[in-house]
Amino acid sequence: MKSEREQAYLNLINQLLTCPSGEEAEVLETQPELRDDGLVAAMLEEAENLRKFGQLNNANRLMNCAGILLGMNDNTSVAFTRQAEAERLFQQGNQQYKISQFREALHSWEQALTICRKIGNRQGEANCLGHLGNAYYSLGQFHRAIEFLKQSLVIKREIGDRQGEAASLGSLGNACQSLGQYHRAIDFHQQDLEISREIGNRHGEANSLGNVGNAYYSLGYYHRAIAFYQQSLVISLEIGYRPGEAASLGNLGVVFSSLGQYQKAIDFQQQSLVIKREISDRQGEANSLGSLGNACKSLGQYQKAIDFHQQSLVISREIGDRQGEATFLGSLGNAYQSLGQYQRAIEFHQQYLKISREIGYRQGEAASLGNLGIAYVCLGQYQRAIEFHQQYLEISREIGDRVGESISLNNLGYTFLKTHQYAEAETALRASIAIHETLRSELVSNDHKASIFETQISAYRLLQQVLIAQSKFDEALEIAEMSRTRAFVELLQQTLLTTPPQSPPYQGEEEELSQFLPLKPPLSKGGLGGLSRFEEEANLSKPPLSKGELEGLSIPKIQQIARERNSTIVEYSIVSSEIYIWVIQPNGNITHRAANLEPLKQQNQTLKQIILKTRVSIGTDETDDEGNKIQLESQYNRDETGGFPLLQLLHQILIEPIIDLLPTEANSPIIFIPHYDLFLVPFAALQDSHNRYLIENHTILTSPSIQVLEITREHQNRVRGLRQAALIVGDPTIAPKFNENPYKLRQIPRAKEAAEAIAATLGTEAISGENATKVAILDRMLNTRIVHLSAHGLLDDFQGSGIPGAIILAPSGDTDDGALIAAEILQLKLDSELVVLSACSTGRGKITGDGVIGLSRCFIVAGVPSIIVSLWNMGVISAKLLMTEFYQNLARGDNRAAALRCAMLTTKARFPSPIAWAAFTLIGETETLPLSTEKSDLRRLVMSLPDDATPEEILAAFSKLLKISEPPFVKQLSAIDVGSTDNINIIAQTIKDWCETKPQIEENLENEIYQMGAGGTDSDPPEEIVREFYETLKENKIRLGLSGDSAVVETDNSGTESVDHPT
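According to the UniProt record's numbering, the sequence shown is numbered sequentially starting from 1.
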């Protein structure tokens, strides 16, 4: 309960706030008995409360009243007066800063700092220094900001102000982030976080978690940012910290917008907006409305975006937030630019520029200049665009914004390309890329490198265009290789961090900050000055790579890889409206061709749409970016001759431009290096105009890049012959959580049968059901030559690692759901020579310029040289047939690519539709993989039969076979009761009779036993039935499971397998 005097103070304050402007001094004169230290303190406290609730005008008015009172100086002590004046100036600076009056705030804090130093107020001195640092940060003077923040940090440590120390560290992190020094920013924010936790400052902990998230967001590592924002949100909810809750929700909205999940972004921003309105956070309200506008713009809802931005603009003007006003004017300009209203966009960008210059907002000034440059490019006024981009570049260099510098160089390169100034464009783009590489070299983990690389890949594509325009085809190939594998190749050398890097012990701010880069000199007044500054940037030596990192491939190295593999390498690069294609032949010759995508554009089709519709045309289910099921137009259906129009279209785009460069021998390997959505193309099924599939003429495998081929070869040399065992897994027991939404997985008994058939081929036993636990499989996997996993696969990003994918194995206990996730696979060190993932869409994942980020990548990183994955869900029976054929072909001595090709052709003969045979693709090494047959009594028996064995010799072997107790074949065959007869005719008839008791074999499956003679016509001589039966055994082509009945496959008239249970 307030005292009588405190209530009197509040009554007087209310009079001051409600009296006519200019009469405040008169009101104070009427009550001289209240003019003392207590009234000043009450005024300052109430002004801060008003500021927190967004009532900035009243807060400023009350601060001015405090100044008037101090000037009267009647009942206040001298010491208190000086302290109060410092406090008033400090709070005045806060008010000015809040409404973007950064220079005015600087002046107020400088005055407050002078007083604090005179009266020896170390705490006040530290606070003023910190706020001065924040003001210089807002003015874009990041290095000056750091100087003041360092001074503030030193004092706070000297006086033991741990909370203030944390705040200074957080501000230093923000400054480093703006300088592009991301790893240092994260380090500072983590120190801030550690202190907040040590002192139990939950509000500070929530804020610092958000700052760490912001740093990761700036890196483009969105999934890790989400993890930190979620932690911040949880704490804010626990302690009822509504501003923190609103901030976290808003940050989540921003990151989901960057991930392209715009509806999710809108949901988060709307939640944030509700809270900000509840707590009267007007500035936050404007920011949320602006973010909603950005999301709507990304969805193509331009008018809705404009409405949101206009609301933001109104609020910013009402509260006097000039920086926010400038920003939202720029957002309106971008929205109108998207509508093609370029002149109106320019008007908004010019207002953005004007205000930014007035308030000294250097980052805004640079951004508005960049926006103006883009608008003039759209108008075709390239010289004006170049002038604006040059100014953007100059300011970015002045303030040390390396990301902005890189973007402006990229924009200049694009503009020079449009004006056919190819040499200038090349120099600018190489300079932009040099900065990219510098930023990447400073990052401490490869997951960050992959993310920031993906957000900055435009320069690599543009540079390819520029080089091709200059007929520098080989140099363009080098850039294409660099653009797709920088992060992945380095990832092959190191293990991806799955937890945030820990901060090293603090070494003192002087040492900690000693590596900050000096400001780069601006461009000379002549603009580009003959591009000398570009040339200096472009000729910078590449930053030294850390141990284990690899240089990009040179042309001689690329040629060497093709020669060593005796393979034809085909690399694709999607650039603008073309696909660049390079063919590197086994003799080292390099040829460049291109495919024109303009015809697709004229039909309002994109390459991605064509690829997805192609998959739909052969029977897969596909969805668009909004999650809607893709429907196929009737003209794209399979025609009456067996042709698939879209498979033929992709053949025309991807193969026909280079068909004369491909090998004529079917066994000569072709290694396709796809790009972006081309990773979804089933190259084996591409069809020419005569309905012949590519696999019929060529042996095919793929790789994320040529450089990855070099690494997988190193893996193969390392693991060759280290292990002998095979690990075959089929139909693991599914944890209950995966039986429910959203997964709804079911057991796949036929996958168990398939695994058992494959295991018999390899002379081992399959692991299935509850025995196939994640713990058991991981233990076995470490000492296995061949790993074959026939289980459900998911594309979810478990644990927010940024790498989607999981293989669902059996759970080991209540805390283990059995999901072997991608991030865990990355941590493995495997000696396996081959991993086969016969599971749902194991070849898919997050598609980026760096390849498919998913399960296949993880196994390559784990050390596996060859991986076979599936591009879609295959039916168990066709997968069983194809995979058993594959392993038999390996045992026969075929190399891995040839073995897969022959298995595909065998399966195709049985099930003609590509959906039944074209899903699997081999990534990596293709050399032979000799399989031991010594462990299988069955194989030793049937392989020992000579090609010219007599019926009597076959009969003797058959009799011996029935005495063997080895699964899985014998348990089936022992059901044939031949008694003690030695008559080959009786045995043959018995075999035939037994098969005919299985109607599903005869009527549906057309099992190989029946086809090869055991169920033949009555005119077949019994001796021939037995001989063919044993020839089948000899080739190891009987595929029966342990149960008494064989699996049933329904077929349509085309012989297409019905995919009743996806593997």
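No wet-lab data here; the hints were simulated from the structure. Honestly, I wouldn't trust all of these hints.
Unchecked claim - Within a straight-line C-alpha distance of at most 30 angstroms, the following computed DSS-like cross-link-like pairs (lysine-lysine) qualify:
1) 118 <-> 150
2) 608 <-> 264
3) 744 <-> 629
4) 264 <-> 557
5) 608 <-> 418
6) 629 <-> 472
7) 264 <-> 629
8) 613 <-> 557
9) 354 <-> 98
10) 472 <-> 418
11) 601 <-> 557
12) 354 <-> 418
Do the hints match the structure? See the list:
1. 118 <-> 150: holds (21 angstroms)
2. 608 <-> 264: holds (23 angstroms)
3. 744 <-> 629: holds (19 angstroms)
4. 264 <-> 557: Roughly 46 angstroms separates the two Cα atoms, so the pair is violated.
5. 608 <-> 418: holds (26 angstroms)
6. 629 <-> 472: Violated, because 42 angstroms separates the two Cα atoms, which is more than 30 angstroms.
7. 264 <-> 629: Answer holds: residue 264 to residue 629 is near 19 angstroms, not above 30 angstroms.
8. 613 <-> 557: Violated, at roughly 37 angstroms.
9. 354 <-> 98: holds (20 angstroms)
10. 472 <-> 418: holds (18 angstroms)
11. 601 <-> 557: Distance of about 36 angstroms is beyond 30 angstroms: violated.
12. 354 <-> 418: Between residue 354 and residue 418 the Cα gap is close to 28 angstroms, so the pair holds against 30 angstroms.
Checked against the numbered hints above, the structure breaks hints 4, 6, 8 and 11 and satisfies the rest.
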